[in-house]
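Asker: This is what each chain is made of:
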Amino acid sequence: MTAAVTTARDARSGAARFEANAATRDPPWIKVVILGVSLGFFGLFLLLPLIAVFVEGLRRGWQVYLAALVEPDAVSAIQLTLLIAAIAVPLNLVFGIAAAWAITKFDFRGKQLLITLIDLPFSVSPVIAGLVFVLVFGAQGWLGPWLSEHGIKIIFAVPGMVLATMFVTFPFVARELIPLMQAQGRDEEEAALVLGASGWEMFRKVTLPNIKWALLYGVILCNARAMGEFGAVSVVSGHIRGLTNTMPLHVEILYNEYQFAAAFAVASLLALLALVTLIVKTYVEWRSAEASGEGETP
Amino acid sequence: MAQVRAHRVLPGFGLSLGFTLTYLSLIVLIPLAAVFLRTTSLSFDAFWQAVSAPRVVASYRLSFGASLLAAVINTVFGFLLAWSLVRYRFPGKRIVDALVDLPFALPTAVAGISLTALYAKNGWLGQYLEAVGIKVAFTPLGVLIALVFIGLPFVVRTVQPVLEDLDTELEEAAASLGAGRWQTMRRIVLPTLLPALLTGFALAFARAVGEYGSVIFIAGNLPMISEITPLIIITKLEQYDYAGATAVAAVMLVVSFALLLLINGLQSWTDRRSAKVRG
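Going down the list, the protein sequences come from chains A and B. Just so you know, we're using the numbering used here here: the first sequence kicks off at 33 and counts up by one. Just so you know, we're using the numbering used here here: the second sequence kicks off at 2 and counts up by one.
Just so you know, the hints here were simulated from the structure itself, not pulled from any lab data. Treat the hints loosely; a few may be bogus.
[Said to hold, decoys possible] As a list, the in silico DSS-like pairs of lysine-lysine whose alpha-carbon atoms are at most 30 angstroms apart:
id	chain 1	residue 1	chain 2	residue 2
1	B	Lys94	A	Lys244
2	B	Lys122	B	Lys136
3	A	Lys313	A	Lys63
4	A	Lys244	A	Lys313
5	A	Lys63	B	Lys94
6	A	Lys63	A	Lys143
7	A	Lys313	A	Lys143
8	A	Lys237	A	Lys313
9	B	Lys94	A	Lys313
Generate coordinates for the entire structure from the input sequences, incorporating the hints supplied.
Answerer: Set out below in structure tokens:
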């Protein structure tokens, strides 16, 4: 046990412990070569594409950049993207908490299967995620005739886009919560109940504070994917300008019309969203590392 | 029986599990079942014709081949990047560490147009590559580049934690017994990391096979040459060939499920292996 605690603490002190130890220290020239190759790869494949988005967006100057963002089609695409995320993310948040609660606080048969099924959308191509809803709700789909009789439009309309986004972002929150809540166990909640807390009090005062960072992390990842989803939404959207275009779809249209500066301007907004996501993620990781460090001290 | 009861002191089992199963069925399971049910309405000949047409087969070859190659590249460079992040001190490390997840956070369409801007004939890198006779954009090589981009974090993020948990005592023991650095690496470190490397490889591969947004801009989408399987599904849908689209989708789904099972197996192997090393 002591050994485990020491290892965990050492791990936090980072690379210094490896470089100080003769047995784990690489010869300087190897360090230079490995760092050179891996950082070169990083620069070429990750950093350069990110920089290119902003440089290409600003190539024609700030005026063209800003004009591309305030143009009516762009504004309606931004609004639709926000609307879809505002519906899909809270629903998946509630689902994530419920699934993690059931899986980590109770024993039942088929639990492992349930965890696998929750991960399923990650391994399905986004194009197929869109297709499945066309097969259910489309004109030739199971419910198609009934829907058109009642004048309800799901495919090539906003509801279908929300459904496709929900499918694609389905596992994010649950996946962040399950390992954490599994590690935390049931003792604290059980103690709260024994001490007379109601179910809701127990959740609000014991569970929620314990999971808040993982929850926030799951939500921002879910949100980033919801706002940026392209393939699934593209299949069900019908690409009606000003009506069923999200930001990524708007980027595609502009790009295919050779309005490169405008396409990259809108794309840069999405890239900013990605950067904010990464910053929040780094902060959350730092906070939760700190929180688990506090837990270990006594 | 008494034990089961003891565990159910906590409230909300019925509610949370009931909600989970209902939501899972409505959003994921029933829609996915639609693909297979739709496929059964096709005759076998029609199904076979749809999934084995030359253009479709060419797309499998590209999608699976490029994904495999991209996953190999990512395994090698992802390992080196994870190694650098865990073992070395260098300036800007925190930023590099944070940006490794960029492909998770950056919308695929944005990645797609950005990579195209870099590798097109007159692009930032494309103009120099063109000069030495290498065409990237609108060729299978472009598909590969996009798949390398989206797959990289999977390998780094599966190898990194295992590498962090790796006990230095093993390497110390090897060194004190007279092993060289390379020998220690080959006999101690790499075998310990093997399950994590394979998991990362499989995750990167699985993601690459289904990828759409980042690929279609740079691929050029020439039938038989640079057309990926997800695009075939879209093309068939746009031609109202629902049966054909569904048949190809069913093939891809079966492959995805097989990969998912493989990944689950690999992941539990990783967990057992690292538990053993730590214990």
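Asker: Assess, step by step, whether the Cα of Lys94/B is no farther than 30 angstroms from the Cα of Lys244/A, and give holds or violated.
Answerer: holds (27 angstroms)
Asker: Please verify whether Lys244/A and Lys313/A have alpha carbons no more than 30 angstroms apart.
Answerer: holds (13 angstroms)
Asker: Hey, Lys122/B versus Lys136/B, does the alpha-carbon distance stay inside 30 angstroms?
Answerer: holds (7 angstroms)
Asker: Regarding the pair Lys237/A and Lys313/A, is the alpha-carbon distance no greater than 30 angstroms?
Answerer: holds (24 angstroms)
Asker: When you check the alpha-carbon spacing of Lys63/A and Lys143/A, does it fall within 30 angstroms?
Answerer: Violated, because 45 angstroms separates the two Cα atoms, which is more than 30 angstroms.
Asker: CA of Lys63/A to CA of Lys94/B, is that 30 angstroms or under?
Answerer: holds (14 angstroms)
Asker: So if I understand the rule, the pair passes when the alpha-carbon distance is 30 angstroms or less; does Lys313/A with Lys63/A pass?
Answerer: Holds. Lys313/A to Lys63/A sits at ~28 angstroms (cutoff 30 angstroms).
Asker: Please verify whether Lys94/B and Lys313/A have alpha carbons no more than 30 angstroms apart.
Answerer: With a Cα-Cα distance of about 16 angstroms, the restraint between Lys94/B and Lys313/A holds, given a limit of 30 angstroms.
Asker: Verify the proposed pairing of Lys313/A with Lys143/A, using a straight-line Cα cut of 30 angstroms.
Answerer: holds (29 angstroms)
Against the hints set out earlier in the document, a violation occurs for number 6 only.
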